[in-house]
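Chemist: Modelling step: build the complete structure from the supplied sequences, incorporating the hints.
Residue numbers (UniProt numbering), protein chains in the order written: chain A, 1 to 300; chain B, 1 to 294; chain C, 1 to 461.
The hints are simulated quantities; they were obtained by calculation from the structure and are not laboratory data. Keep in mind that the hints are not guaranteed to be accurate.
[Claimed, not checked] DSS-like mimics (lysine-lysine), calculated; alpha carbons at most 27 Å apart, straight line:
1) C:K431 <-> C:K449
2) B:K91 <-> B:K72
3) B:K9 <-> B:K258
4) B:K9 <-> B:K91
5) C:K457 <-> A:K299
6) C:K449 <-> B:K151
7) C:K449 <-> C:K88
8) A:K299 <-> A:K287
9) C:K431 <-> C:K88
10) A:K184 <-> A:K299
11) C:K457 <-> A:K184
12) B:K63 <-> B:K77
13) B:K72 <-> B:K262
14) C:K457 <-> C:K431
15) C:K239 <-> A:K272
16) C:K457 <-> B:K121
17) C:K239 <-> C:K249
18) B:K248 <-> A:K287
19) A:K272 <-> A:K287
20) A:K299 <-> B:K14
21) B:K248 <-> A:K299
22) C:K457 <-> B:K151
23) C:K85 <-> C:K449
24) B:K121 <-> B:K144
25) C:K431 <-> A:K184
26) A:K299 <-> B:K91
27) B:K144 <-> C:K449
28) B:K77 <-> B:K14
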Amino acid sequence: MEYFIQQLVNGLTLGSIYGMIAIGYTMVYGIIGMINFAHGDIFMLGGFAALIVFLVLTSFLAGVPVVLALLLMMIVGMLAAALWNWTIERVAYRPLRGSFRLAPLITAIGMSIVLSNFIQVTQGPRNKPIPPLVSSVYNVFGIAISLKQIVIVVITAILLSVFWYIVNRTPLGRAQRATEQDRKMAALLGVDVDRTISVTFIMGAALAAVAGTMYLMYYGVVVFTDGFVPGVKAFTAAVLGGIGSLPGAVLGGLLIGLIESLWSAYFTIDYKDVATFSILAIVLIFKPSGILGRPEVEKV
Amino acid sequence: MALKTTMTKDPILKVEHLSMRFGGLMAINDFSFEAERGEITALIGPNGAGKTTVFNCVTGFYKPTMGMITMKQRSGKEFLLERLPDFEITKHAKVARTFQNIRMFSGLTVLENLLVAQHNKLMQASGYTILGLLGFPAYRQATKESLELAKHWLEMASLTDRADDPAGDLPYGAQRRLEIARAMCTGPELLCLDEPAAGLNPRESLALNELLQAIRRDTGTSILLIEHDMSVVMEISDHVVVLEYGQKISDGNPEFVKHDPKVIAAYLGVEDEEVEEVIEEIEEIESEQGGINP
Amino acid sequence: MANVASTTASAGTEVTARALREAVFTGLITLGLFFLFVGLKTDQNIRNELILTERWGLLATFVAVSMVGRFLIVAYVQPWLAQRKAVKAAAPEIVKGESFFSRNLSKIAIVALVLYPPVIVALVGVQGSLKWVDNFGIQILIYVMLAWGLNIVVGLAGLLDLGYVAFYAVGAYSYALLSSYFGLSFWVLLPVAGILAALWGVILGFPVLRLRGDYLAIVTLAFGEIIRLVLINWTEVTKGTFGVSGIAKATLFGIKFDASKDGFAALFGLPMSSAYYKIFLFYLILGLALLTAFVTIRLRRMPVGRAWEALREDEIACRSLGINTVTTKLTAFATGAMFGGFAGSFFAVRQGFVSPESFVFLESAVILAIVVLGGMGSLTGIAVAAVVMIGGTEILRELTFLKVIFGPAFTPELYRMLIFGLAMVIVMVWKPRGFVGSREPTAFLHERKAISGSFTKEGHG
Ligand SMILES: Nc1ncnc2c1ncn2[C@@H]1O[C@H](COP(=O)(O)OP(=O)(O)OP(=O)(O)O)[C@@H](O)[C@H]1O
Ligand SMILES: [Mg+2]
Numbered sequence: 001m002e003y004f005i006q007q008l009v010n011g012l013t014l015g016s017i018y019g020m021i022a023i024g025y026t027m028v029y030g031i032i033g034m035i036n037f038a039h040g041d042i043f044m045l046g047g048f049a050a051l052i053v054f055l056v057l058t059s060f061l062a063g064v065p066v067v068l069a070l071l072l073m074m075i076v077g078m079l080a081a082a083l084w085n086w087t088i089e090r091v092a093y094r095p096l097r098g099s100f101r102l103a104p105l106i107t108a109i110g111m112s113i114v115l116s117n118f119i120q121v122t123q124g125p126r127n128k129p130i131p132p133l134v135s136s137v138y139n140v141f142g143i144a145i146s147l148k149q150i151v152i153v154v155i156t157a158i159l160l161s162v163f164w165y166i167v168n169r170t171p172l173g174r175a176q177r178a179t180e181q182d183r184k185m186a187a188l189l190g191v192d193v194d195r196t197i198s199v200t201f202i203m204g205a206a207l208a209a210v211a212g213t214m215y216l217m218y219y220g221v222v223v224f225t226d227g228f229v230p231g232v233k234a235f236t237a238a239v240l241g242g243i244g245s246l247p248g249a250v251l252g253g254l255l256i257g258l259i260e261s262l263w264s265a266y267f268t269i270d271y272k273d274v275a276t277f278s279i280l281a282i283v284l285i286f287k288p289s290g291i292l293g294r295p296e297v298e299k300v
Numbered sequence: 001m002a003l004k005t006t007m008t009k010d011p012i013l014k015v016e017h018l019s020m021r022f023g024g025l026m027a028i029n030d031f032s033f034e035a036e037r038g039e040i041t042a043l044i045g046p047n048g049a050g051k052t053t054v055f056n057c058v059t060g061f062y063k064p065t066m067g068m069i070t071m072k073q074r075s076g077k078e079f080l081l082e083r084l085p086d087f088e089i090t091k092h093a094k095v096a097r098t099f100q101n102i103r104m105f106s107g108l109t110v111l112e113n114l115l116v117a118q119h120n121k122l123m124q125a126s127g128y129t130i131l132g133l134l135g136f137p138a139y140r141q142a143t144k145e146s147l148e149l150a151k152h153w154l155e156m157a158s159l160t161d162r163a164d165d166p167a168g169d170l171p172y173g174a175q176r177r178l179e180i181a182r183a184m185c186t187g188p189e190l191l192c193l194d195e196p197a198a199g200l201n202p203r204e205s206l207a208l209n210e211l212l213q214a215i216r217r218d219t220g221t222s223i224l225l226i227e228h229d230m231s232v233v234m235e236i237s238d239h240v241v242v243l244e245y246g247q248k249i250s251d252g253n254p255e256f257v258k259h260d261p262k263v264i265a266a267y268l269g270v271e272d273e274e275v276e277e278v279i280e281e282i283e284e285i286e287s288e289q290g291g292i293n294p
Numbered sequence: 001m002a003n004v005a006s007t008t009a010s011a012g013t014e015v016t017a018r019a020l021r022e023a024v025f026t027g028l029i030t031l032g033l034f035f036l037f038v039g040l041k042t043d044q045n046i047r048n049e050l051i052l053t054e055r056w057g058l059l060a061t062f063v064a065v066s067m068v069g070r071f072l073i074v075a076y077v078q079p080w081l082a083q084r085k086a087v088k089a090a091a092p093e094i095v096k097g098e099s100f101f102s103r104n105l106s107k108i109a110i111v112a113l114v115l116y117p118p119v120i121v122a123l124v125g126v127q128g129s130l131k132w133v134d135n136f137g138i139q140i141l142i143y144v145m146l147a148w149g150l151n152i153v154v155g156l157a158g159l160l161d162l163g164y165v166a167f168y169a170v171g172a173y174s175y176a177l178l179s180s181y182f183g184l185s186f187w188v189l190l191p192v193a194g195i196l197a198a199l200w201g202v203i204l205g206f207p208v209l210r211l212r213g214d215y216l217a218i219v220t221l222a223f224g225e226i227i228r229l230v231l232i233n234w235t236e237v238t239k240g241t242f243g244v245s246g247i248a249k250a251t252l253f254g255i256k257f258d259a260s261k262d263g264f265a266a267l268f269g270l271p272m273s274s275a276y277y278k279i280f281l282f283y284l285i286l287g288l289a290l291l292t293a294f295v296t297i298r299l300r301r302m303p304v305g306r307a308w309e310a311l312r313e314d315e316i317a318c319r320s321l322g323i324n325t326v327t328t329k330l331t332a333f334a335t336g337a338m339f340g341g342f343a344g345s346f347f348a349v350r351q352g353f354v355s356p357e358s359f360v361f362l363e364s365a366v367i368l369a370i371v372v373l374g375g376m377g378s379l380t381g382i383a384v385a386a387v388v389m390i391g392g393t394e395i396l397r398e399l400t401f402l403k404v405i406f407g408p409a410f411t412p413e414l415y416r417m418l419i420f421g422l423a424m425v426i427v428m429v430w431k432p433r434g435f436v437g438s439r440e441p442t443a444f445l446h447e448r449k450a451i452s453g454s455f456t457k458e459g460h461g
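Modeler: This is how it looks when you write it as structure tokens:
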């Protein structure tokens with residue numbers, strides 16, 4: 001039982017990270033209907049930004065408190081990732097808006113290749129390990145809960161609340177939802193569609209960067225290929241939850257995190273990704289629009 | 001309603017107690033009617049009455065909540081349409097349809113559109129691709145025949161000049177005719193047309209009437225027609241069924257339906273007291289139109 | 001007159017001013033983008049700790065280059081393009097008659113490909129031809145074939161498949177395993193590999209074809225990953241990440257390509273060289289690719305092929321015409337998968353070694369990119385895209401002279417994928433419909449007219 005709860009905690013932590021990345025996929029998909037394949041690499045880029053900030057702090061300003069360090073890593077990571085995603089949207093996606101559906105998908109894949117190889121070329125191909133930032137572990141009724149895990153879950157919860165507030169309670173969020181429903185109509189009614197889409201990319205990237213920072217803190221290592229696997233998992237999470245739905249993305253992320261840690265704990269770790277992908281396929285076969293997605297009505 | 005007994009000669013399509021529910025909305029409620037073989041039956045009714053939904057049930061795109069739809073072919077073979085998947089309704093039961101919002105293969109040429117419609121026949125002739133891939137003569141013969149059939153319908157729909165243009169490039173009226181020609185290429189016994197005259201100008205509308213009448217005359221295909229344009233309905237249909245809020249409110253020949261106060265009230269959305277006035281107006285308009293359309 | 005001159009002059013200064021503004025803006029963005037990643041580099045020191053190296057000079061170069069580039073584009077390139085467009089619009093378009101070359105493009109290309117190995121051998125000798133035949137010829141043709149295979153699924157039927165490499169893997173492992181366990185020959189296993197891949201296409205396709213659009217895309221991606229992960233983890237059979245090595249070579253009517261007495265070289269009295277085998281492989285993949293093209297062209301003119309394209313245009317209309325869309329999709333999936341399987345078994349025989357590493361998602365992405373960059377559905381466009389993208393990146397390996405410019409530590413290969421990705425983005429933005437955007441009709445009454453890409457749809461399933 002304790003073992004089970006332990007795995008639940010681990011899965012929740014992992015799921016929080018996936019959920020944060022998944023939101024970026026789902027928002028972009030909701031608003032312009034494209035799979036932003038480069039999003040996983042934005043997450044990786046955020047992790048690298050945090051890594052570099054961490055190194056700057058330790059080598060130039062030794063003795064910064066951990067909380068401040070983490071905060072700085074997160075903020076700089078968010079800024080860097082947001083700037084990158086904004087630029088990518090401007091140069092690679094915007095010119096293709098309204099054209100052929102597959103064209104932006106291909107530029108997104110191209111951008112994903114560019115980003116990971118850019119990091120490989122500029123930062124080197126090797127693993128980048130850092131010493132543990134936060135290492136305390138609490139023992140609650142026989143279950144080991146590390147401070148890292150608490151930080152991740154709490155930060156995810158806070159950010160999601162902020163996010164939920166923005167999307168549901170602010171004019172910006174209203175513009176986003178309007179653009180999502182009907183871009184032409186929104187433009188006619190005075191919504192600055194280009195700006196709204198840019199902001200969506202910025203918001204998604206910021207969340208991905210936070211996820212990247214958390215990932216770096218949790219695993220203590222980052223490498224240029226790290227965009228792919230978490231990216232695909234997060235995308236899977238977004239689809240599982242019902243792409244286009246924010247709560248769906250979080251739910252999907254948590255589910256995938258749980259599936260992964262429970263599968264690894266009780267079956268073989270080798271096939272954990274096979275399990276994740278199989279469950280995705282099975283869920284979609286029975287619920288073709290994901291768990292919380294609106295079913296696509298085929299009006300004839 | 002009294003007319004009904006005189007009409008049950010040889011129905012091609014029998015719809016009985018059809019109901020279709022979308023969530024809380026009863027789009028069709030216990031609707032029954034029959035379409036005679038060789039006739040043009042019109043299904044009319046105000047917007048949102050459920051006409052398209054009836055079509056979708058007949059052609060298998062929706063599975064009705066309740067009811068029975070029987071299609072009886074010339075050969076006497078009967079099909080229960082509510083049990084067949086959509087493509088088999090066209091393939092085996094020989095019911096073809098068009099759509100209220102035109103559905104073209106816009107990137108294929110007009111000719112290709114008509115060839116796609118002959119898929120099942122050609123598929124068989126090509127030995128499910130394998131013999132055709134090897135170049136068997138039977139397939140070549142079938143290809144030639146399918147081209148002839150396509151040419152025939154191009155001629156009928158006056159689209160021969162545009163045969164090699166992409167379907168998406170045709171003007172609206174021509175697309176409507178192409179959609180009908182394409183449906184005819186499947187070799188149907190019952191043709192279901194969803195508002196074929198919508199958005200046509202008077203000249204195109206006239207050409208459409210002629211096409212429909214030619215189809216009935218030359219091929220004996222029965223037609224089920226949804227139409228808002230009363231002049232089309234009155235001119236070409238033999239039998240009219242009126243639907244309002246998913247329920248049948250009138251059923252009979254055009255003359256009968258036209259003067260049915262219930263229909264006038266429903267169709268024009270007027271109160272019962274005003275019906276008399278409206279009938280007078282209609283008669284006036286008709287006498288004017290009589291001069292234009294001999 | 002003077003008036004006109006002054007307005008153009010003021011327009012000129014205005015453009016310059018705008019260019020300057022934009023250059024500064026671009027510079028700032030570049031600074032922001034590259035500050036952390038170019039300005040600072042994470043390195044390991046001797047104790048394996050991470051340290052930072054500063055590269056402010058490089059960062060400054062990046063910023064300067066971006067500013068100058070932006071300035072030149074806004075000040076000169078854009079006005080020039082606008083002017084050219086205006087001139088073009090003003091001049092009535094002269095309809096050129098099709099030249100002999102463009103009419104017979106495919107025949108000329110085939111002849112050129114058939115003559116390619118002997119010409120190369122004549123130019124650089126038997127031993128020198130190895131690189132040209134293998135890295136350029138075979139490598140590109142494999143991708144041409146794969147992209148033509150995927151084109152059936154994506155370009156014709158309009159089904160987005162992000163896991164095509166799975167079928168390539170099935171083909172490769174079918175040959176690798178069946179030949180090493182049962183000792184069967186390549187010519188027996190080639191069709192077997194194709195059939196097995198097609199079978200997998202049907203097995204994977206059946207449950208997922210109800211899905212539409214991007215849901216289909218993610219599930220195909222997932223299946224691609226599942227197959228790769230199984231290949232990695234099912235070590236008893238596949239040897240896991242070590243891969244299967246020592247795969248038997250193909251033979252030409254029983255003649256082996258080895259140093260033995262009755263090997264190819266000895267039989268023809270030639271000095272032993274591995275180049276002959278490569279040339280043989282070149283013709284083999286050429287034949288396979290041409291088979292793919294031939295079948296695709298043939299199928300397009302048949303009811304299945306037309307149904308595929310109709311499916312891409314409008315699925316509901318297809319059903320209303322009595323077309324069984326499920327089997328139609330499945331045949332597209334299976335046919336595409338079959339060619340992937342053929343290509344896979346060729347890959348195994350060429351490498352003599354297969355491992356899961358060759359079947360990563362990136363491969364699927366590259367193949368899909370070639371299909372889309374070429375122009376969906378167009379065999380010529382796809383072949384051109386494969387030559388440009390694969391040949392282009394292969395050439396990067398050869399650019400050793402760059403070492404002279406950038407120093408001996410410079411490895412052009414490192415930049416291969418970076419440039420590949422950039423090229424994908426640039427070509428797509430430049431030509432969103434791909435190199436060949438128009439579609440050839442499959443039948444005609446009066447004359448065959450190409451159909452503009454603006455009418456064709458891309459499918460939703
Ligand atoms: N797939 C569906 N899901 C939910 N409601 C539907 C669906 N299809 C039709 N309806 C509803 O059923 C009712 C009847 O629609 P239908 O399209 O059949 O009307 P109609 O008589 O064809 O109208 P029109 O003249 O405007 O074409 C409408 O209220 C419509 O909103
Ligand atoms: Mg309707």
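Chemist: Keeping to a limit of 27 Å between CA atoms, is the pair of K239 of chain C and K249 of chain C held or broken?
Modeler: holds (20 Å)
Chemist: Does the structure keep K457 of chain C and K151 of chain B at a Cα separation of 27 Å or less?
Modeler: Holds, at about 25 Å.
Chemist: Can the restraint linking K457 of chain C and K431 of chain C be considered satisfied, given a maximum Cα separation of 27 Å?
Modeler: This hinted pair holds, its Cα atoms lying about 16 Å apart.
Chemist: Could you grab the alpha-carbon distance between K239 of chain C and K272 of chain A and see if it respects the 27 Å cut-off?
Modeler: Holds: K239 of chain C and K272 of chain A sit about 19 Å apart, inside 27 Å.
Chemist: Has the given pair, K431 of chain C with K184 of chain A, been kept, meaning a C-alpha gap of at most 27 Å?
Modeler: holds (24 Å)
Chemist: Assess, step by step, whether the Cα of K63 of chain B is no farther than 27 Å from the Cα of K77 of chain B, and give holds or violated.
Modeler: Status holds; Cα separation ~22 Å.
Chemist: Is the hinted pair K299 of chain A and K14 of chain B satisfied, with a Cα-Cα distance of at most 27 Å?
Modeler: holds (25 Å)
Chemist: Does K287 of chain A lie within 27 Å of K299 of chain A when you go C-alpha to C-alpha?
Modeler: The hint holds at about 18 Å.
Chemist: Are K431 of chain C and K449 of chain C close enough, with their CA atoms no more than 27 Å apart?
Modeler: holds (21 Å)
Chemist: Keeping to a limit of 27 Å between CA atoms, is the pair of K85 of chain C and K449 of chain C held or broken?
Modeler: Holds, at roughly 26 Å.
Chemist: Need the status of pair K449 of chain C, K151 of chain B: alpha-carbon distance at most 27 Å?
Modeler: Within the cut-off at roughly 18 Å; holds.
Chemist: Is K248 of chain B close enough to K287 of chain A, meaning Cα to Cα at most 27 Å?
Modeler: violated (36 Å)
The structure fails to meet hints 13 and 18 from the earlier list, while all remaining hints are met.
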